[in-house]
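2 protein chains.
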Amino acid sequence: MEILEQRILKDGAVKEGGILKVDSFLNHQCDIQLYNEMGKAFFAHFKDRHITKILTIEASGIGIACIAAQYFDCPVVFAKKAKSLNLDGSLYTASVHSYTYDREYTITVSAKFITREDTVLLIDDFLANGQAMLGLIDIVKKAGASLAGVGIAIEKGFQSGGETIRSMGIDLYSLAIIDEMRPGYIKFRK
Amino acid sequence: MEILEQRILKDGAVKEGGILKVDSFLNHQCDIQLYNEMGKAFFAHFKDRHITKILTIEASGIGIACIAAQYFDCPVVFAKKAKSLNLDGSLYTASVHSYTYDREYTITVSAKFITREDTVLLIDDFLANGQAMLGLIDIVKKAGASLAGVGIAIEKGFQSGGETIRSMGIDLYSLAIIDEMRPGYIKFRK
Numbered sequence: 001m002e003i004l005e006q007r008i009l010k011d012g013a014v015k016e017g018g019i020l021k022v023d024s025f026l027n028h029q030c031d032i033q034l035y036n037e038m039g040k041a042f043f044a045h046f047k048d049r050h051i052t053k054i055l056t057i058e059a060s061g062i063g064i065a066c067i068a069a070q071y072f073d074c075p076v077v078f079a080k081k082a083k084s085l086n087l088d089g090s091l092y093t094a095s096v097h098s099y100t101y102d103r104e105y106t107i108t109v110s111a112k113f114i115t116r117e118d119t120v121l122l123i124d125d126f127l128a129n130g131q132a133m134l135g136l137i138d139i140v141k142k143a144g145a146s147l148a149g150v151g152i153a154i155e156k157g158f159q160s161g162g163e164t165i166r167s168m169g170i171d172l173y174s175l176a177i178i179d180e181m182r183p184g185y186i187k188f189r190k
Numbered sequence: 001m002e003i004l005e006q007r008i009l010k011d012g013a014v015k016e017g018g019i020l021k022v023d024s025f026l027n028h029q030c031d032i033q034l035y036n037e038m039g040k041a042f043f044a045h046f047k048d049r050h051i052t053k054i055l056t057i058e059a060s061g062i063g064i065a066c067i068a069a070q071y072f073d074c075p076v077v078f079a080k081k082a083k084s085l086n087l088d089g090s091l092y093t094a095s096v097h098s099y100t101y102d103r104e105y106t107i108t109v110s111a112k113f114i115t116r117e118d119t120v121l122l123i124d125d126f127l128a129n130g131q132a133m134l135g136l137i138d139i140v141k142k143a144g145a146s147l148a149g150v151g152i153a154i155e156k157g158f159q160s161g162g163e164t165i166r167s168m169g170i171d172l173y174s175l176a177i178i179d180e181m182r183p184g185y186i187k188f189r190k
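Chains as they are written, first to last, in this note's numbering: chain P, 1 to 190; chain E, 1 to 190.
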């Protein structure tokens, strides 16, 4: 997606340690006009899949998912990372390993919000090693729902998540795929 | 706001311990059409205040803030609860006490996203004792920005947050204020 790639080049920054800072428009400050363009792009790709729910994970995925949901005219469900006092009843959980923080955490979705009648689109801001997304895929499977595909803003194509998910036969649509980056240099996949 | 109150009566549930469950439309599953009606209501109230930024806090505030921001045509910034590796540079922080989890946590906003040129609207899903909102107000002050007001979906009017914030002279606009609730009974402020 040209405008996202241009924005990454203009306002993004590659830091040591494989960190891409896009906090001025994507995951700390949120450019809502850009989010709308991203939502339109997700809709253009997935519009014939009869999506009934968008599932994302707190926190950075929520805004992108909510704006995108306006095009799909469906609700958003966001998986919770922390055990919440407000979560009760039947729950789906998945264990996720965070490489960034080197720890395991559990993501949780109330069973009543993803059912076997649902066709689910998964959305998140970043895909790197794919651990969080594999957790969401696991929850969709546990719910017996249909998985329409995965929409990602920025995929780090040099990490394994994209290949893992595509090799599962899942329609993974990333708006920008970075194949190579270092401070001062970003190369997108054609 | 009539449709929010009706929705709380229809799909909300009061649990023991002062918990109002509205997870089917507000803070786990998100009804984006309702979010849009809430965004319009916030805009109707604050539209003449020349808002340049909406500031919220992860996670449940983000979706509501992003949808509302479409009416104000401004970016959203969300305060982070966890220390993130991606946060660097100058930061504003505030300490927040969570009564729900009985612990202190720190909320953080990059200084570059809230400046003295900004007029900030604070948005969140719930206001109870107001601790998280007081943390956001503290960050707006530290940034030297103007505070236009606070927009809340559901205020628990029987807890102290609303009175605290209004007594500071801040324009607090809550779409639904609950003055009394117990299992099976919810009374809204007129």
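Check before you lean on any hint, since a few could be wrong.
To be verified - Calculated lysine-lysine pairs in the DSSO-like style (CA-CA distance at most 27 Å, straight line):
(1) P/81 x E/21
(2) E/40 x P/40
(3) E/40 x E/187
(4) P/15 x E/81
(5) P/15 x E/40
(6) E/10 x P/112
(7) E/141 x E/83
(8) E/21 x P/83
(9) P/83 x E/15
(10) E/112 x P/83
Hints in this document: simulated from the structure, not taken from any laboratory.
The structure displayed is predicted, hence computed values, not measured ones.
Open item on the list: Hints numbered earlier in the text: which of these fail when held up against the supplied structure?
Closed with: 5 and 10
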